[in-house]
Amino acid sequence: MTTQSTLPVAPPTPVINMGAWIKKNLFDGWFNSLLTVGIGLAFFNIAIGFIQWITTQAKWDVIPANLPLFMVGRFPASQYWRTWIIAAIVITLGGLTWGMLTLSKEPEGNHQIGFDRNTLIGIGILAFVVVFLPLDPNSKMFILGLICLGLGGCFLGRLGVRKVSNIGTLIGVGWLVSFLVNLWLLSGGFGLQTVGTDLWNGLLLTVFMASISITLSFPLGIIFALGRQSSLPVVKFFSVAYIEIFRGLPLVGILFAAQVMLPLILPGDWRIDRVVRAIAGLTIFTSAYLAEAIRGGLQAIPKGQGEAANALGLNTPLSLYLIVMPQALRAVIPALMNLFLSLFKDTSLLAVVGLVELTGISRNILANPVFLGRFAEVYLFVGMIYLVCCSLMSQASKQLEVNLGVGKR
Amino acid sequence: MSTTKVPTKVPLWRDDRFWKITFQILAIITVLVIADFFLFNLRLNMAKRGSLFGFDFLGSQASFDIGEYLIPFQSQDAYGRAFLVGVLNSLKVMIIGVILTTILGVSVGIARFSNNWLVQKTVSTYVDLFRNTPILLQLLFWYFAVFSNLPKIENQIAVLGSFYISNRGLALPWLGDSPTAWSSLLGLIALAIAAFFVWQQRIKIMVEQGASGQNLLLVLLGMGVVALILFIFGLQWTFPVFTAGNKLNGGLSLSAEYCSLLLGLVFYTGAFVSEIVRAGIQSVAKGQWEAAKALGLNSGILMRLVIFPQALRVMIPPLTSEYLNLCKNSSLAIAIAYPDVYAVSSTILNQTGRAIEIVLMIMATYLLINLIIALAMNFLNSSVQIKER
Amino acid sequence: MRKNHLLLAIVPIFASLAACSATVNTTTPAGTAASPGGKDAASAPGKSRLDTVISRGKLTCGVSGDLPGFSFVDQTGKYSGLDVDFCRALAAALFNDPEKVEYRNLTSKERFEVLKAGDVDLLSRNSTWTTGRDTGLGLEFVATMFYDGQGMMVNKTAGITKLEDLAGKSVCVETGTTTELNLADQMRKLNIDYKPLVFENGDATYAAYAQGRCEGVTSDRSQLAGRRTTLPKPEDHQVLEVVMSKEPLAPVVVNNDSRWADVVKWTVFTLTNADELGITAANVDEKLKSTDPVIKRFLGVEGTLGKDMGLPNDFTVKIIKAVGNYGEVYERNVGTGSKINLPRGINKLWNDGGLMYSPPFR
Numbered sequence: 001m002t003t004q005s006t007l008p009v010a011p012p013t014p015v016i017n018m019g020a021w022i023k024k025n026l027f028d029g030w031f032n033s034l035l036t037v038g039i040g041l042a043f044f045n046i047a048i049g050f051i052q053w054i055t056t057q058a059k060w061d062v063i064p065a066n067l068p069l070f071m072v073g074r075f076p077a078s079q080y081w082r083t084w085i086i087a088a089i090v091i092t093l094g095g096l097t098w099g100m101l102t103l104s105k106e107p108e109g110n111h112q113i114g115f116d117r118n119t120l121i122g123i124g125i126l127a128f129v130v131v132f133l134p135l136d137p138n139s140k141m142f143i144l145g146l147i148c149l150g151l152g153g154c155f156l157g158r159l160g161v162r163k164v165s166n167i168g169t170l171i172g173v174g175w176l177v178s179f180l181v182n183l184w185l186l187s188g189g190f191g192l193q194t195v196g197t198d199l200w201n202g203l204l205l206t207v208f209m210a211s212i213s214i215t216l217s218f219p220l221g222i223i224f225a226l227g228r229q230s231s232l233p234v235v236k237f238f239s240v241a242y243i244e245i246f247r248g249l250p251l252v253g254i255l256f257a258a259q260v261m262l263p264l265i266l267p268g269d270w271r272i273d274r275v276v277r278a279i280a281g282l283t284i285f286t287s288a289y290l291a292e293a294i295r296g297g298l299q300a301i302p303k304g305q306g307e308a309a310n311a312l313g314l315n316t317p318l319s320l321y322l323i324v325m326p327q328a329l330r331a332v333i334p335a336l337m338n339l340f341l342s343l344f345k346d347t348s349l350l351a352v353v354g355l356v357e358l359t360g361i362s363r364n365i366l367a368n369p370v371f372l373g374r375f376a377e378v379y380l381f382v383g384m385i386y387l388v389c390c391s392l393m394s395q396a397s398k399q400l401e402v403n404l405g406v407g408k409r
Numbered sequence: 001m002s003t004t005k006v007p008t009k010v011p012l013w014r015d016d017r018f019w020k021i022t023f024q025i026l027a028i029i030t031v032l033v034i035a036d037f038f039l040f041n042l043r044l045n046m047a048k049r050g051s052l053f054g055f056d057f058l059g060s061q062a063s064f065d066i067g068e069y070l071i072p073f074q075s076q077d078a079y080g081r082a083f084l085v086g087v088l089n090s091l092k093v094m095i096i097g098v099i100l101t102t103i104l105g106v107s108v109g110i111a112r113f114s115n116n117w118l119v120q121k122t123v124s125t126y127v128d129l130f131r132n133t134p135i136l137l138q139l140l141f142w143y144f145a146v147f148s149n150l151p152k153i154e155n156q157i158a159v160l161g162s163f164y165i166s167n168r169g170l171a172l173p174w175l176g177d178s179p180t181a182w183s184s185l186l187g188l189i190a191l192a193i194a195a196f197f198v199w200q201q202r203i204k205i206m207v208e209q210g211a212s213g214q215n216l217l218l219v220l221l222g223m224g225v226v227a228l229i230l231f232i233f234g235l236q237w238t239f240p241v242f243t244a245g246n247k248l249n250g251g252l253s254l255s256a257e258y259c260s261l262l263l264g265l266v267f268y269t270g271a272f273v274s275e276i277v278r279a280g281i282q283s284v285a286k287g288q289w290e291a292a293k294a295l296g297l298n299s300g301i302l303m304r305l306v307i308f309p310q311a312l313r314v315m316i317p318p319l320t321s322e323y324l325n326l327c328k329n330s331s332l333a334i335a336i337a338y339p340d341v342y343a344v345s346s347t348i349l350n351q352t353g354r355a356i357e358i359v360l361m362i363m364a365t366y367l368l369i370n371l372i373i374a375l376a377m378n379f380l381n382s383s384v385q386i387k388e389r
Numbered sequence: 001m002r003k004n005h006l007l008l009a010i011v012p013i014f015a016s017l018a019a020c021s022a023t024v025n026t027t028t029p030a031g032t033a034a035s036p037g038g039k040d041a042a043s044a045p046g047k048s049r050l051d052t053v054i055s056r057g058k059l060t061c062g063v064s065g066d067l068p069g070f071s072f073v074d075q076t077g078k079y080s081g082l083d084v085d086f087c088r089a090l091a092a093a094l095f096n097d098p099e100k101v102e103y104r105n106l107t108s109k110e111r112f113e114v115l116k117a118g119d120v121d122l123l124s125r126n127s128t129w130t131t132g133r134d135t136g137l138g139l140e141f142v143a144t145m146f147y148d149g150q151g152m153m154v155n156k157t158a159g160i161t162k163l164e165d166l167a168g169k170s171v172c173v174e175t176g177t178t179t180e181l182n183l184a185d186q187m188r189k190l191n192i193d194y195k196p197l198v199f200e201n202g203d204a205t206y207a208a209y210a211q212g213r214c215e216g217v218t219s220d221r222s223q224l225a226g227r228r229t230t231l232p233k234p235e236d237h238q239v240l241e242v243v244m245s246k247e248p249l250a251p252v253v254v255n256n257d258s259r260w261a262d263v264v265k266w267t268v269f270t271l272t273n274a275d276e277l278g279i280t281a282a283n284v285d286e287k288l289k290s291t292d293p294v295i296k297r298f299l300g301v302e303g304t305l306g307k308d309m310g311l312p313n314d315f316t317v318k319i320i321k322a323v324g325n326y327g328e329v330y331e332r333n334v335g336t337g338s339k340i341n342l343p344r345g346i347n348k349l350w351n352d353g354g355l356m357y358s359p360p361f362r
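Chains as they are written, first to last, in the working numbering: chain A, 1 to 409; chain B, 1 to 389; chain C, 1 to 362.
Any given hint might turn out to be false.
[Unchecked claim] Okay, derived cross-link-like pairs now, DSSO-like style, lysine-lysine, Cα gap no bigger than 30 Å in a straight line: (1) B:LYS20 - B:LYS121; (2) B:LYS286 - A:LYS398; (3) C:LYS100 - C:LYS287; (4) B:LYS293 - A:LYS24; (5) A:LYS59 - B:LYS286; (6) C:LYS307 - C:LYS47; (7) C:LYS189 - C:LYS162; (8) C:LYS321 - C:LYS307; (9) C:LYS265 - C:LYS307; (10) B:LYS152 - C:LYS162; (11) A:LYS24 - B:LYS121; (12) B:LYS20 - A:LYS236; (13) B:LYS152 - C:LYS156; (14) A:LYS140 - C:LYS78.
Calculated directly from the structure, the hints in this document are not laboratory data.
In this text the structure is predicted, and so the values were computed from the model without any measurement.
Work out the full structure, taking the sequences as your base and the hints as a guide.
Printed below as a string of structure tokens:
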């Protein structure tokens, strides 16, 4: 009779030290070892070359010399206080929205009013970088002030969710009002010096165009998505035609057509500004993609919802408004954030149709004989700006998904 | 006894069908009103400017030269031919771009699942970097900061004695242009198809009859040898040779504009495709991985036979959008001096002033390409769907 | 309530349309000042661009913005150049204030479309006067401001000294210009096999040339001279002596508006005539006291030449005080007083061996 030990044998303890980790992850088998060595060498060479170039050969003075141009372009320097106010308004409202959205009722979401460790570290790094930017002390103080405004807004937003019941509506109204105020501050009139749309350049124009286009394309996108799903053949035909045509054309083509054809198809007396034409082009393009994304959300709603709404006696418009759209929109938030991200990047194409936003102003800066040939420095810097903005937005969207319980209910 | 009430006729304004019809009529009227408004203004404005609508300008002499052309083009040729040259240039970028993007995207997507930490980190850095910067910026960077800084033609870099890199572009060895070369190419393609069928047959008899499959393996080896001979000798490779004055004889010359456009588009779209591939692979149930490992399949066969076919179902619709995006982004060639269809049309527009006609032509071209790719991918899509009974 | 919800879908369509028309009035800055959206009045019978501009109080000038010597905007936003000075002269004639101009940077690709759409009042953008443009595009070229010719700038270090050396090489050129067409014609005539690289804006063209991507760049000779000063090593580059075409540069306005075209045209002739009569910015006040009837008529002391055009009668005085005469404008921007140092050549006066000739002011 064999006697087995009656003591349960413990599983082998994993060895958690550096050596074991390296062996498992980097040198697991001959192929992986080869890959590690190859990539390691290549990476090392490239990194050394890059760091050498950055510190010795690259001439970075083109960036600090032109920082105002990158940010606001040829906006008159005497009116910079207006752009600071716009930034302050946007950041405060942004902070409030961030706060409101990050205090969630989901079990996995965030529940604390204060900031967690990672956020605090990130803010610390940001403040550190700002202090060392090559700017005049006034600007640095303003930027630090803006950061404080943002954080304060976030804090207030979270408090607001707990205390005020319809904080969402309030903040929504706040955005609407701020939009009009910002427009007034940007263009002037009614007491302020007018600044032509030609002088809205740089990052200012990029953010402006992206936000307006996404806002305007929302209603259009919803209409066409619903139209495509509709059982009415005429409506379905028009929606499908619109969506397929404008999804199939390149954005450059649409923008160019908007610049060239809009003056032709509108009465000669209507002077449409160049910026407005570009917004029309961007909006039409985005609404076609938005319609497809929302259609995905509409398709994800179980048929039972529609049937239950019918059983309750709700007619089509009511059931759309009360039952279907809220669920559909929530389901496609990842796709919507993706669209906003690509819209933000696509504003760079405005440079090809003559509007001078961030990419366009970098081309102008490179034309200056003093900074001839600094392509790599300028494009790397502009690429960094886009990278930072887009990464922030995708982080925010991931956080939003968790907080709204997307995909969990 | 219940008294059944005779149902009163539903009043018109509560009848759903009435509202449906009214709504559609309203929609048609709205669209017609808007279209009429636009067309009326269009006619008015065009009359004011004195321009007419018509495609007859396509027969007039172009009077400008195009830098690269797949079909011979001279400045005396017509505008129509110039447009065709532009279309062919665009197709050259799109077709090669789609092939290279697929290869890059799939490799990078699969590499994401490697258990080598360094590989994983490299791949995720690549994807994050290239997805979050605009394509125009990347194209400008490739052209002005990379290709323009390559050495001039006098000091060009030679790789393996036959590939030359300079700031003018790449020079590669290429197939000859003789009947022998073309028939060898056809022969190679025929051999490839035949080898595919022989391979299928071999697997079939090994599975069904338990045969060793040696004979068919020998046949395949023989085919391989023939293919090798054809490849080396039949195709009549020409190598780039630089004469005095740096003129290029033989070989294929790819301009710096073409290379930067192609590389920029491939790296940008490849990052998106790799994310799609990753999502596709992740959509396959974990049980499939575990079952395959339990059966003893190693990771190569596991990926090829079990995971990837199932992932393909989820991947194909978003992949279609990415291919379409690649084709549409190729219109940015105008920023880096590559004469694609948009750039050539823009020149024609400047010289003739015929805005409407040219916009319509560009729209038609892109929509047609769009349609072809969507149809092809739809066909592929339906062929990989689960065949349910 | 149900009907309201039905309109839910249609309302946004009309709202977008309404927003379009609303933005015409709200997005474009309110007030008469600096409104790039003035009414496009060139077509309405009896109403000329001249009236629009005068009531607006500001001139909108389409320029290039990236061409040293003609229209160049520096880092601080200050514009300078020959074309810019012309706009200033026109503004001085209209408003007695050469600074009442709004400049719009336009690429060669979009300049004519923008002018036709009415977004700018005129183009002072080194545009060549050709039959095709004058008759086929609905534009009006008023009077030649600068007689130029197309040339070729080459890189001396590449060993190129004449056009034939460009065989097998690349030439950078800007899209949408007569240069593209002339280059093709000339190279075809001389049977030179070259490769054109067509860029969509001037900066990219010269950047590629400076990087060495192409061995030659072609454009108007004045433009080449101007751009040469901005290259890292100007001594390595040479503008060849060859003149490939005639390039008379003139300001452009839209067709069918004679009152506006006349004002622009006679501003050009004012500058030339002042040069011919020897009137400069410095001595114009003294010349006002002259007894020469030709000068008196020209300066508006006698006659109603200015008023008949719709301008103040002494508009020529205002112009000369603001920018000087043609010679001064030339020397300051592209001549001996500038880095470009282009000799006047055929831009001298007609009685000095050149082509600048003004019809008499009477």
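Cross-check of the supplied hints:
Using a Cα cut-off of 30 Å, the hinted pair B:LYS20 and B:LYS121 is violated, with the two alpha carbons roughly 56 Å apart. At roughly 23 Å between alpha-carbon atoms, B:LYS286 and A:LYS398 fall within 30 Å of each other, so this suggested pair holds. Annotation: proposed proximity of C:LYS100 to C:LYS287 holds, straight-line Cα distance about 26 Å (limit 30 Å). Between B:LYS293 and A:LYS24 the alpha-carbon distance is near 19 Å, which keeps this suggested pair within the 30 Å criterion.
Proposed proximity of A:LYS59 and B:LYS286 is contradicted: the alpha carbons are some 51 Å apart, above 30 Å. For the suggested pair C:LYS307 and C:LYS47, the alpha carbons sit about 17 Å apart, so the restraint of at most 30 Å is met. Between the alpha carbons of C:LYS189 and C:LYS162 the distance comes to roughly 15 Å, so the proposed pair stays at or under 30 Å and holds. Between C:LYS321 and C:LYS307 the CA atoms are separated by roughly 19 Å; this keeps the pair inside 30 Å, and the hint holds.
For the suggested pair C:LYS265 and C:LYS307, the alpha carbons sit about 15 Å apart, so the restraint of at most 30 Å is met. For a cut-off of 30 Å, the pair hint linking B:LYS152 to C:LYS162 stands: about 20 Å separates their Cα positions. Restraint check for A:LYS24 and B:LYS121: satisfied, since their Cα atoms lie roughly 15 Å apart, inside the 30 Å limit. The hinted pair formed by B:LYS20 and A:LYS236 meets the criterion: a straight-line CA distance of about 13 Å does not exceed 30 Å.
Annotation: proposed proximity of B:LYS152 to C:LYS156 holds, straight-line Cα distance about 14 Å (limit 30 Å). Taking the CA atoms of A:LYS140 and C:LYS78, the gap is about 27 Å. The hint holds against a cut of 30 Å.
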